[in-house]
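Peer 1: Sequence:
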Amino acid sequence: ETVFWRDIDEVDPQFSPLFYVQVTNFESSGYSIGISCSILIADLIVGTDFLTKWAKIQSSLTLAHSQTRLKPIFHLPSLKQDLGDFLTE
1 ETVFWRDIDE VDPQFSPLFY VQVTNFESSG YSIGISCSIL IADLIVGTDF LTKWAKIQSS
61 LTLAHSQTRL KPIFHLPSLK QDLGDFLTE
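For the sequence shown, the residue numbers in the working numbering are 1 to 89.
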């Protein structure tokens, strides 16, 4: 299911959503990242540049003094697990 999108409210624009990120975790272990953004913030070129830089940063993350790769920052299942461990301590 895709992210709900609402157009900018002309009466009360300060409370209008300008940016959404949706991460979908598929049963086949794949992921999809969807981004919806108001043209007031960015256009297609800026969005493409953002995703390219984000991917480069994610692919280069390693632990200091080690070659072990870190999980992506936006890896929601591990975030949920980390928070669960934190809350049970």
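Since the hints were derived computationally from the structure, they do not count as laboratory data. Some clues are possibly wrong.
Label pairs and their calculated CB-CB ranges [to be verified]: (1) I8 <-> G34: 17 to 27 Å; (2) L18 <-> I57: 16 to 26 Å; (3) S59 <-> E10: 17 to 27 Å; (4) G30 <-> S60: 17 to 27 Å; (5) D9 <-> S29: 36 to 46 Å; (6) E10 <-> G30: 33 to 43 Å; (7) I57 <-> F19: 29 to 39 Å; (8) D9 <-> S60: 36 to 46 Å; (9) V46 <-> S16: 29 to 39 Å; (10) I57 <-> V11: 31 to 41 Å; (11) T24 <-> F50: 15 to 25 Å.
None of these values were measured; they are calculated from a predicted model. Heads up, the beta-carbon is just placed ideally off N, CA and C, and yes, glycines get one too.
Peer 1: Each hint needs a verdict: does it hold in this structure or not?
Peer 2: Going through the hints against the structure:
For I8 and G34, the Cβ-Cβ distance of about 19 Å falls inside the hinted range of 17 to 27 Å, so the restraint holds. With their beta carbons about 23 Å apart, L18 and I57 fall inside the hinted range of 16 to 26 Å. At about 42 Å, the beta-carbon gap between S59 and E10 misses the expected band of 17 to 27 Å. The beta-carbon spacing between G30 and S60, approximately 22 Å, falls within the hinted interval of 17 to 27 Å.
Against the hinted window of 36 to 46 Å, the Cβ-Cβ separation of D9 and S29 comes to about 39 Å, which satisfies the hint. A hinted range of 33 to 43 Å holds for the C-beta pair E10 and G30, which are about 39 Å apart. The given range of 29 to 39 Å is broken by I57 and F19, whose C-beta atoms sit roughly 19 Å from each other. Separation of D9 from S60 is about 40 Å and conforms to the stated range, judged on CB atoms against 36 to 46 Å.
Between V46 and S16 the Cβ separation comes to about 19 Å, which falls outside the hinted range of 29 to 39 Å. Remark: the range hint 31 to 41 Å for I57 to V11 is upheld by a beta-carbon distance near 39 Å. Look at T24 against F50: about 18 Å separates their beta carbons, and that is inside 15 to 25 Å.
The structure shown violates the earlier hints numbered 3, 7, 9.
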